[in-house]
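S.K.: These protein sequence lines map, in sequence, to chains A and B. Just so we're aligned, residue 194 is where the first sequence starts under the working numbering, counting upward by one. Just so we're aligned, residue 18 is where the second sequence starts under the working numbering, counting upward by one.
Since the hints were made in silico from the structure, they are not lab data. Here the structure is a predicted model, which means the values were calculated and not measured. Treat the hints with caution; some may be incorrect.
Covered stretches of chain B, going by a simulated chain A footprint (3 or more residues, C-beta under 8 Å) [said to hold, decoys possible]:
no., segment
1, 61 to 71
2, 115 to 121
3, 152 to 158
4, 258 to 268
5, 274 to 288
6, 324 to 337
7, 367 to 379
So the derived label-pair ranges between C-beta atoms look like this [unchecked claim]:
no., chain 1, residue 1, chain 2, residue 2, range
8, A, A452, B, L25, 33 to 39 Å
9, B, L240, A, M220, 15 to 21 Å
10, A, F440, B, A339, 32 to 38 Å
11, A, A562, B, A339, 27 to 33 Å
Glycine is no exception: its CB is placed at the ideal position from the N, C-alpha and C atoms.
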Amino acid sequence: MLPRWLVQLLAVALKEVRQTVSDRRMMALLLVAPVIQLGVFGSAVNFDVDRVPTVVVDHDHTAASRAHLEHVLADGTLRRTVETESDAAALAELDAGRAAAALIVPAGFAAALARGEAATLQVVVDGTDPNRGSIAAAAVARYGRVATRELARGAARARAGEGLGASPRADVELVPRVLYNPRLRTSRYVVPGILALLLLVVTVIVTAMGLARERETGTLEQVLVTPIGSTTLLLGKLLPYVLIGLFDFVLGLAVAAWAFDVPIRGSVGVVLLGTLAYVTCSLGIGLLISTVSLTQQQAFIGGFLFMLPALLLSGVLTPLWGIPEWLRPVTLVNPVRHYVEIVRGVLLRGATFSELQVQFAALGATAAAVLTVASWRFKRGWS
Amino acid sequence: VSAPSSRLLVTLTRSLIRILALAEKETHHIRRDPQTLALALAMPVGLLLLFGYGVTFDLDRLPLVVVDQDQTSTSRSVIETFAHSGDLVVAGRAVSTEEAEASLRGGQAVGVLVIPRGFSRALARGERATLQLVVDGADASTATQTVNKADATAMAAVLVPQHTAITQIPRLVGQSWILYNPEMRSTFMLVPGLMAYILAVVCVLLTALTVAREWERGSMEQLFTTPVRRGELILGKLLPYVALGGMGVLLVLAVGAWAFEVPIRGSIPALGTAALLFLVGMLAQGLFVSVVTKNQMVATQVGTLSSMLPTQLLSGFVFPVANMPAPLQLIANLLPATHFIAALRGILLRGNGFREQGSHLLALAAFAVVMTTITALRFRRRLD
């Protein structure tokens, strides 16, 4: 014989499943939609900035200016759209939004280089998209450093050739080695983040609104007069959504691996454990929201008010290092941040459980705290 | 006044009265629900402040782990320079590269700086010395910025003492100016996006919820027993939300200008036209969702799917449309939010007007007309 609480638990869970399954549209939204969204948004979300439309102005008209222009454009960050004769014409292109950068070689460029002075390569960028703008500016600055090294080497060789003896010049070179994602593709990083986002959308709002609906229609009251304990009731209600969350995650992981080439370098068990903790946590938050809202609309708004800051301060869409330091402590209590770190750590870097114990501890503690407060509020409101 | 025209006048007046009555009823609903008002008015401001202060694309204080295999005064001074660069911080030291890479895997650092044995000797001999930077490529944009910043820092660390030496050789300096947004504030980019986002959310979700609620509770049936026509019902429902959305837009513009100095450089009539067209299109979409679903839970999920996430991810709000694969660019161009954001950026930041942004405004108008027509056709008076 099964213990009574387990029978009750399963009965509640079964009722919840039946209720959800009976609404085909809801089932489709819970099970299929997240995967489609992952596919669409995963390919849309891309921070790789290249082919920035660039208008070129060459006031110098020398072999040196042409050569350096070709070299700056060679790495593909900037793409030449049109060449103009005047700065004003180039700026007009920027005003109209047809170009996002103007690359200008001032007159006297080659002469300055020949005299051994500093020659400037000017770039005017459209700052309306700061990310694109800074990448365009950085590409030109980087080219300046590379070209300076080349010129220094050339000068040293020339002096050696003139029989003045080798004139050694100390120099330092930074050799980068990129781990885990050598081609630096954004999708590998962003797709796990979107997965976390979609799990949040599915779990928080559905729990919050589902309970609010039962309250609105009065069915919650009917269940509460049955001999089922309130803890059992809560667990039974949450269980199906935990399973839906895990199902969505596995499906999403398959899409991530198959369509976006996201590697699975670590243990799937560790990610699943993380997902379990995360889903529990977000369901708890949904529950908490439902205890403070009277209608479905309020529950939805509450879920929304939680989700936006949680996503913004999680490192899902923008790197955590872009959050100012005074705001970073807030991210420590954000389950989304820890979960995303776990998923990215395990999938991309092959991190082990012990390397991620900080994130697991934080996630576990948040889940426990949220569930305790939520179930306490739930019981208090209905006893 | 002839008889037919006066009859028409009476019909129109009656119709207007019914529309206003419906609008008034809806206004009462909104006013009785302070949370809805909060979502429409306080949330945009909160979001703007959060975005404005919380999100920058210029990363700083990126944590590095240092492996010093050289152990000389030169290598220590290089580490000092890195530690005080502001862009990068030394989060820890490790004895071996393997040990350092564990902190990359755990996410505590974004890169490992390795100063190889013989670094200072090579410099002293006037040779080229190498520094190794192992970066976590999982986050591509952070990795790129880390490499760029470390490269510049490394050059500064070694070259500054030899300043006299560089002036004798030719060098090339990349100089940059930034237009429209000289301080590269992310708020300048986000305000137009946020306006679109907020309007989309308020419009689609609130209308979807309120109308779906009428269906769920059966009060829609009561409305059908009144002489209200379907066009009037739609207009009456839309009007209060147009007003609410308009207030949201003004609030975002005001807070953007006041807190983040976001300018309005272009034509204000063009701005108003764009906002109004977008508002009508999104409200009609919200009504359409509620008419089709007739259920609050389904309506919110469909609303989230069709307005919130696309506006956030496909519209060029944060991720540029030009970088998307071709089929998604097509979808992005069908979204009104894409055109609204593009028009707003031109109008607010680059001082554009009707002439430059005409095509985007036209796209917004087309969406509004198509969506309203489809909704009116679906909004049958009979209960099916």
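S.K.: Determine for every hint whether it applies to the structure shown.
M.R.: Hints versus structure:
| no. | hint | result |
| --- | --- | --- |
| 1 | 61 to 71 | holds (count 5) |
| 2 | 115 to 121 | holds (count 3) |
| 3 | 152 to 158 | holds (count 7) |
| 4 | 258 to 268 | violated (count 0) |
| 5 | 274 to 288 | violated (count 0) |
| 6 | 324 to 337 | holds (count 6) |
| 7 | 367 to 379 | holds (count 4) |
| 8 | A:A452 to B:L25: 33 to 39 Å | violated (59 Å) |
| 9 | B:L240 to A:M220: 15 to 21 Å | violated (31 Å) |
| 10 | A:F440 to B:A339: 32 to 38 Å | holds (36 Å) |
| 11 | A:A562 to B:A339: 27 to 33 Å | violated (44 Å) |
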